[in-house]
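Visitor: One letter stands for each residue in the lines below.
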Amino acid sequence: MAFDAQAERKFNIVGTRVARPDGIDKVTGKAAYGADISAPGMLHGRILRSPHAHARIVSIDTSAAEALAGVKAVVTGADLAQPEDEGFADVAINCLARDKVLYDGHAVAAVAAKSKSIAKQAIRLIKVDYEILPHVTDVDAAMKPDAPVIQEGRALETVPAGMSQNVTTHCQFGHGDLDAGFAKADKIVERSFKTAATHQGYIEPQACMASLGSDGRGEVWCCTQGQYMVRANCAAVLGVEESQLRITSSEIGGGFGGKTSTFIEPVALALSRKSGKPVKVVMTRDEVLKATGPTISSSMDIKIGMTKDGRITAARGELRYSGGAYPNATVDMGAQAAFAAYDLEAVETVGWNAMTNRPKEIPYRAPGAPTSIYAVESVVDELCQELGLDPLDVRLMNAARKGTLSSYGPTFNDIGLVATLEAAKAHPHYAAPLGPNQGRGLSCGFWFNFGGNTCVSLNINDDGTVGVVEGNPDIGGSRASISMMAAEELGVPYDKVRTVIADTSSLGFNDITDGSRVTFAVGLATIEAARAAINEMCRRVAKIWDIDADAVIWEDGCAKPAGPNAGIHPPMTLAEIAAIAGNTGGPIAGHHEVNADGAGVSFGVHLCDTEVDPETGATKILRYTVFQDAGKAVHPDYVEGQMQGGAVQGIGWALNEEYIYGTDGRLQNAGFLDYRVPVASDLPDIETVILEIPNPGHPYGVRGVGETPIVPPLAAVSNAVSRAAGVRMTELPMSPPRLLKAMTG
Amino acid sequence: MKTIPVETTINGDSAEFLCHADESLLDVLRDRLGMTGSKEGCGTGDCGACSVMLNGRVMCSCLVLGVETQGAEIETIEGMAKGEELHPLQRVFLEEAALQCGVCTPGILVAAKALLEKNPDPTDTEVRYWLAGNLCRCTGYDKIIKAVQTAAAEMRSA
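Chains as they are written, first to last, in this note's numbering: chain A, -14 to 730; chain B, 375 to 532.
Because the hints were derived from the structure by calculation, they are not lab data. Treat the hints with caution; some may be incorrect.
[Claimed, not checked] Keeping only pairs whose Cα atoms sit at most 27 Å apart, straight-line, the calculated DSSO-like set for lysine-lysine is:
| # | chain 1 | residue 1 | chain 2 | residue 2 |
| --- | --- | --- | --- | --- |
| 1 | B | Lys456 | A | Lys15 |
| 2 | A | Lys605 | B | Lys520 |
| 3 | A | Lys105 | B | Lys520 |
| 4 | A | Lys101 | B | Lys456 |
| 5 | A | Lys15 | B | Lys520 |
| 6 | B | Lys376 | A | Lys99 |
| 7 | A | Lys262 | B | Lys376 |
From just these sequences and the hints, can you work out the full model?
Guide: Structural data, given as structure tokens:
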């Protein structure tokens, strides 16, 4: 759907900072999240998890748990279906293991009991006999031919023969003559990098309440980024039909990609089917960290050649990602994103995924991109330092722009990278003085953005108000943005529109809330649904005025005659048309169903000043500024919020957050005390500069904004720390002991 | 396990409940009294989403046993607005978009209110350190700190 190329369209509502519709409930404690509802007769579910990194399950004896007073059901993997589809089969064995446990925290069995404490007691009575197997948690070790094999026969055809069976993916992107390119370089830097796995760290643990009858009809209330995804997974894993499951998404207490999969809902349904009662399952924080989605861990080699005046002549990257105990394609996205910010004559990116005894990787905000771009942007910064060049000028000189053949294949349309770099260069932050032990770092960031399957219904109510029904859980204020776009298009005040999120039985299929797609794709579908409703209202008015439908236009929330030839008729407002809809043909609504493309890629640039403490290795973030192209910022407060929140998650990734495994393959820091996310006192203000380079694929020019902000901080912080400390850092996180070691040799 | 009767005052109303000796105040509030505004993010006192006022001090209600609150005065997020009238902090959080998912918001509001009662004119650094026990993963804290300062200024001039 094309951008409305009206010269300087003036928006009335889009671009303002209106109150969000879910706000009052959220500041008064009324908003209902995953764990906040209960049902009469409800049981409490609890899951037994593997204490081993890798082991064969010899036997499971549930008899003592079943005999405990108050226990109403016990389930194991044998109670779930065995889907033929590999993706659903992975979900099933991740919900409850069958033959082997693949990581510390892998679910093995579950109970439903009358109280939480009985459920807790009961899982301790389940006896699991394990045969412990050798394990591997490091990606480089897992790729060695003699590494313990996590799952057999999972490699794609693209993986060359003779490698470890843990290697499941091999991908390659690029163009041009690398050898010729490197030969032209005055300086070549080649470095290896490692990054630790990090967790999305949403504050609300996964929670659900589920009910399933012996007739296969069920209901689930859960916190998820996609109720239709939960439905598909539950149907496949329980062996029931999708039409018989109704999934309602609760308010969601953070997701960041981490709630795009299913861990507990099928287990709760299986417990409910067996016990005949509704079952509530709420994960503990320890379970969240051990068994739900961390992002990938990585090991990467980057080689870039540059002329002495700053032109990149060739670039190559090799990425090795581990997405845990299951195959995944995150490395493909990392490889595609790695060099996206640059206009390159010769570039190649190679990616590998290897399985390890870690939990199944689940997307985390721009999955795959932060790590590969961290490595690339670190090498670019080192080249600038070595050659005595301004890092912003070098990026401007090499920046991808409209017409650039991207490193991953497509040719870019209108993109905002150059404007974003120029804004950074002009900002006072870039010229501010630095003191001793201080350094400034910067990085570009990129994300593809997605569109996807979307379905919207827009109802004109009889009192002249408007109801929008959409199918994507709201994780960052999207209901406000959707209402704003509906109001803008219809020409009615924002507060006349209410947007609600449908359960799976009330609206057609929608892809999950991911890929920064909601404001773009749901917005686009809402605008089209509004236009369909407008067409219908014009048709009704044409009937009343007894003129042709195309002689009626819609302007300022009213139907009007198109011109003098259409006759003299006083405008009819939406409310007037709605009030008499029963007499003109019945209720008025607009619908739109689309698999949206044209999402429009997004670029950002981050500037970061740090001060390092030479005695402790601690890093303080002194100043941080985010520049990002939003296409059109529908609600600027929430665009800024995405930019600030993503930046701070990236700062955590750069400085503190890390999955630490012991030699026994067990996670050492499964709690917020030891898995340390940034707190308020760690941070300065996060300044934001929104740029608006319209996306040609959206009628208002909107681009997704949610994911790009987590991409640049890793390198921006690392480059600042490297310059402040006088030593090039190549491993994340740069925790105080690691930095101190680097500084003191 | 036997239940134990406990008498407290919650948000100004007397509240009596029965609970087991090992039940946290947070479980009592959520499961026995239906007050689900206080959230459990960790259960170990690290995230602050369950913050309440207990006898005038901010506490993680997950770290307090229900039976310990005999005779105590408890304030929760549910008591912050007076009927339809939001507390200035609640209103400014909405006006300045100081929340995204909102799950940390009740705890942050309870903690911020306690700060402003103690120190009506804090510096940004004081606000940041006071709220260091309340994790927010969505906002990067920027708009939260600014909203607390806006509300503080408003409350000082009221």
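Visitor: Does each hint hold? Answer for all of them.
Guide: Going through the hints against the structure:
1. Pair hint B/Lys456 plus A/Lys15 holds up; C-alpha atoms about 14 Å apart against a cutoff of 27 Å.
2. Pair hint A/Lys605 plus B/Lys520 holds up; C-alpha atoms about 20 Å apart against a cutoff of 27 Å.
3. For a cut-off of 27 Å, the pair hint linking A/Lys105 to B/Lys520 is broken: about 42 Å separates their Cα positions.
4. Our distance criterion of 27 Å between C-alpha atoms is broken by A/Lys101 and B/Lys456, whose separation comes to about 34 Å.
5. With a CA separation close to 24 Å, the supplied pair A/Lys15 and B/Lys520 stays within the 27 Å bound.
6. A hinted pair counts as satisfied when its Cα atoms are at most 27 Å apart, and B/Lys376 with A/Lys99 qualifies at roughly 15 Å.
7. Annotation: proposed proximity of A/Lys262 to B/Lys376 holds, straight-line Cα distance about 25 Å (limit 27 Å).
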